[in-house]
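Engineer: First to last, the sequence lines map onto chains A and B.
Per my numbering, the very first residue in the first sequence carries number 1; after that it's consecutive.
Per my numbering, the very first residue in the second sequence carries number 1; after that it's consecutive.
Careful, some of the hints might be misleading.
As the list claims (entries may be wrong) - To spell it out: a stretch of chain B is covered by chain A in this simulated footprint if at least three of its residues, at any positions, have a beta carbon under 8 Å from a beta carbon of chain A; those stretches are: (1) 70-77; (2) 169-182; (3) 194-202; (4) 266-280.
What the hints assert, rightly or not - The calculated DSBU-like cross-link candidates involving lysine-lysine, where the alpha carbons are at most 35 Å apart (straight line), are: (5) B:Lys32 - A:Lys133; (6) A:Lys127 - B:Lys262; (7) A:Lys127 - B:Lys251; (8) B:Lys104 - A:Lys139; (9) A:Lys133 - B:Lys67; (10) B:Lys280 - A:Lys127; (11) B:Lys170 - A:Lys139.
Since the hints were derived computationally from the structure, they do not count as laboratory data.
Idealized CB from N, CA, C, for every residue including glycine.
Residues per chain are reported as follows:
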Amino acid sequence: MDQSKTPVRVIAIAAVVLIGGGAIAYALMGKKTEVTQNPSPVTSQTTGTQDTSGTPASQASAPATSASTYKDGTYSATGSYMSPGGNEQIGVTVTLKNDVITSASVTPKPVSEDGARFQDIFASNFKQYVIGKDISSVKLTTVSGSSLTPGGFNDALAQIEAKAKS
Amino acid sequence: MWEFEAIGTHWQIRLPDADEETYEGLKSRISKRIEQFDRDYSRFRDDSLVHRMAGEPGIYTLPADAKKLFDLYRDLYDATDGAVTPLIGQMISDAGYDASYSFKSRELTISPAWDDVLEYAFPTLTLRTPALLDLGAVGKGYLVDIVADLIESAGISSYLIDAGGDIRVKSSEAVRIGLEHPGDSTQVLGVATLSHGAICGSSGNRRAWGAFHHILNPHTRESVREVLAVWVVAAEARVADGISTALFFTKPGDLHERLGRKYDFEYFILYPDYSFSRSKDFPSELFIEEVAL
Numbered sequence: 001m002d003q004s005k006t007p008v009r010v011i012a013i014a015a016v017v018l019i020g021g022g023a024i025a026y027a028l029m030g031k032k033t034e035v036t037q038n039p040s041p042v043t044s045q046t047t048g049t050q051d052t053s054g055t056p057a058s059q060a061s062a063p064a065t066s067a068s069t070y071k072d073g074t075y076s077a078t079g080s081y082m083s084p085g086g087n088e089q090i091g092v093t094v095t096l097k098n099d100v101i102t103s104a105s106v107t108p109k110p111v112s113e114d115g116a117r118f119q120d121i122f123a124s125n126f127k128q129y130v131i132g133k134d135i136s137s138v139k140l141t142t143v144s145g146s147s148l149t150p151g152g153f154n155d156a157l158a159q160i161e162a163k164a165k166s
Numbered sequence: 001m002w003e004f005e006a007i008g009t010h011w012q013i014r015l016p017d018a019d020e021e022t023y024e025g026l027k028s029r030i031s032k033r034i035e036q037f038d039r040d041y042s043r044f045r046d047d048s049l050v051h052r053m054a055g056e057p058g059i060y061t062l063p064a065d066a067k068k069l070f071d072l073y074r075d076l077y078d079a080t081d082g083a084v085t086p087l088i089g090q091m092i093s094d095a096g097y098d099a100s101y102s103f104k105s106r107e108l109t110i111s112p113a114w115d116d117v118l119e120y121a122f123p124t125l126t127l128r129t130p131a132l133l134d135l136g137a138v139g140k141g142y143l144v145d146i147v148a149d150l151i152e153s154a155g156i157s158s159y160l161i162d163a164g165g166d167i168r169v170k171s172s173e174a175v176r177i178g179l180e181h182p183g184d185s186t187q188v189l190g191v192a193t194l195s196h197g198a199i200c201g202s203s204g205n206r207r208a209w210g211a212f213h214h215i216l217n218p219h220t221r222e223s224v225r226e227v228l229a230v231w232v233v234a235a236e237a238r239v240a241d242g243i244s245t246a247l248f249f250t251k252p253g254d255l256h257e258r259l260g261r262k263y264d265f266e267y268f269i270l271y272p273d274y275s276f277s278r279s280k281d282f283p284s285e286l287f288i289e290e291v292a293l
């Protein structure tokens, strides 16, 4: 990952997690633009954040298209909010592609016990999954298969299947 | 790039800086060395040491390279409560992954406890009863290390060895290694970057047949279904290979604690629903989708 060419950007992130009916929405506020996925009625607002400075954690190698408001990449920021128990912080990381958030995660950084409890509830409402990308679309030297299957094994299995069908 | 088939898998060796003479000399040494390893440890050939051990109890003098192999096996056996064991050989064979690739399963022989059958004190291995050993959890990675040593001893400092996805690399630039999608070999789930060290993967749905795949739990006599695939990065391929199998049975925190600093590793564990866990320093970018619960 080339970090040297990543410009320091100041973005304000407000993460709004909507729980209910599997709906999720993120609002990203900066330059007065909102990026929202699957907009749906707000059923519970878990946190709000103030303006914070954020530094891109990494930058996608593909240049952003000229139509994008934001440069593609992964951005991290720490948000603060005032709770009855005092000031609390929470980390938010979002990945943007063509102005769309393709992934987001939250890292609890609680101060108080209540903060810890609420932030854990917040974080546990996400689940991360890995998804496949076509090998041809990714620049690679080689691939670590989970043991790329040996020829003999496959041939033998194919023969047995053929026999079983005949 | 030099490509060949050996020990039941496809190999690629890249030596970008080697001159032709060195390259040719190495090719011949590596081929001979792999052949010797196969003759010692393969359970698929009837002239191997492992085959002799399956037929006859006794005190066997092990080859000089066996220490690193059996030491690691013993450590993994203890750290996984006996789940990673060379004594799984008969059970895998019974399940159908046998020397003739029959894929016909019969009743599975329960794997005996290590200390009931084996007495290991390098350079000897005593078999109280005949036992079919399977060294597949560590063997391929170890052979990759042996090949790396041959290459380094020829004065070559830049190489990539890939034995069917078990990879060891030394390079001035980081090498980008795709993590193959277990369900679709045209896709990758992420990219690991490595300039010095090894990465090995184990997956349940490759080398699979009938009700089984090649990672069997000796206690339950079933293939492990809770974990779909594991990748491990370590300094040496034998460690990465062995630990990638161990993580099918034992949680990474427990394994780390029981094995200690001697076997430092980073992991990426993939579960059947494609959720995952990984260590903080597993050197990769993953393609992640975030789903609200």
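Engineer: Next, verify each hint and record whether it holds.
Structural biologist: Results of checking the hints against the structure:
no.	hint	verdict
1	70-77	violated (count 0)
2	169-182	holds (count 8)
3	194-202	holds (count 4)
4	266-280	holds (count 5)
5	B:Lys32 - A:Lys133	violated, 39 Å
6	A:Lys127 - B:Lys262	holds, 33 Å
7	A:Lys127 - B:Lys251	holds, 20 Å
8	B:Lys104 - A:Lys139	violated, 41 Å
9	A:Lys133 - B:Lys67	violated, 41 Å
10	B:Lys280 - A:Lys127	holds, 17 Å
11	B:Lys170 - A:Lys139	holds, 19 Å
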